[in-house]
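> My request is simple: use the sequences and hints to build the entire structure.
Just so you know, the protein sequences line up as chains A and B, in that order.
Residue 93 in the working numbering is what sits at position 93 of the first sequence, and the numbering runs on without skipping anything.
Residue 119 in the working numbering is what sits at position 6 of the second sequence, and the numbering runs on without skipping anything.
If you are wondering where the hints come from, they were derived from the structure by calculation, not from laboratory data.
Incorrect hints may appear among the rest.
Below, a list of computed lysine-lysine pairs in the BS3-like style, where the Cα atoms sit at most 27 Å apart [unchecked claim]:
| # | chain 1 | residue 1 | chain 2 | residue 2 |
| --- | --- | --- | --- | --- |
| 1 | B | K133 | B | K177 |
| 2 | B | K154 | A | K70 |
| 3 | A | K56 | A | K26 |
| 4 | A | K26 | B | K154 |
| 5 | B | K179 | B | K127 |
| 6 | B | K133 | B | K179 |
All of these numbers come straight from a predicted model, not from anything done at the bench.
These are the residues of each chain, in order.
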Amino acid sequence: SQQGEEDPQALSIQEGENATMNCSYKTSINNLQWYRQNSGRGLVHLILIRSNEREKHSGRLRVTLDTSKKSSSLLITASRAADTASYFCATGDRGSTLGRLYFGRGTQLTVWP
Amino acid sequence: GAVVSQHPSWVICKSGTSVKIECRSLDFQATTMFWYRQFPKQSLMLMATSNEGSKATYEQGVEKDKFLINHASLTLSTLTVTSAHPEDSSFYICSARFRETQYFGPGTRLLVL
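Next up, the structure:
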């Protein structure tokens with residue numbers, strides 16, 4: 001399967017703490033994307049990191065990519081209760097012109113006030 | 114920018130009926146749209162890739178005759194669940210590709226009684 005796998009499956013922290021989620025994948029990729037999903041809602045795109053990039057920042061988000069280990073991490077700094085959601089990584093098929101994405105099972109993040 | 118809408122947001126139907134779900138890209142044109150299915154607390158499963166003006170590409174194990182996809186214009190793709198049964202009950206999400214990123218609709222919750 002090409003899909004990524006997030007770790008941990010569930011993460012529970014206090015407001016103000018940092019949250020780190022990891023993603024591993026199996027095949028060569030063009031890029032890796034992180035999405036967020038609030039319960040019962042659609043997905044919101046957070047950040048895209050290309051295969052030739054190692055680190056990317058967006059606000060309180062920091063994403064790293066290690067293609068040699070086929071892994072990525074998402075760090076949310078100074079977490080807030082509103083960050084409570086499921087976070088998914090998705091890999092784009094290298095060599096595919098269709099642009100399909102394959103999703104992992106997600107990490108359920110709970111941030112307590 | 115890059116907003117995707119879905120309609121309806123939820124639908125309840127009787128077993129044996131057909132249900133149509135619409136996916137629209139509101140502020141951009143999308144030659145490629147994607148349909149996903151998601152079970153509670155699980156990942157998104159890619160069902161098919163919808164290509165404007167041509168036949169959809171289905172993922173392995175997805176029944177073409179069961180899940181009819183029509184991508185009639187650059188801003189609209191439809192998924193019709195034909196002769197729906199209780200096991201088709203799920204959360205269906207579409208996405209539209211804009212540059213390297215997929216933007217997701219809010220999802221449609223289908224309940225088949």
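> Take the hints in turn and mark each one as holding or not.
Hint by hint, here is what the structure shows:
1. K133(B) with K177(B): Holds, at roughly 15 Å.
2. K154(B) with K70(A): Holds, at roughly 25 Å.
3. K56(A) with K26(A): holds (21 Å)
4. K26(A) with K154(B): Distance ~22 Å between K26(A) and K154(B) Cα, so the pair holds.
5. K179(B) with K127(B): The hint holds at about 16 Å.
6. K133(B) with K179(B): Roughly 12 Å between the alpha carbons, so the hint for K133(B) and K179(B) holds.
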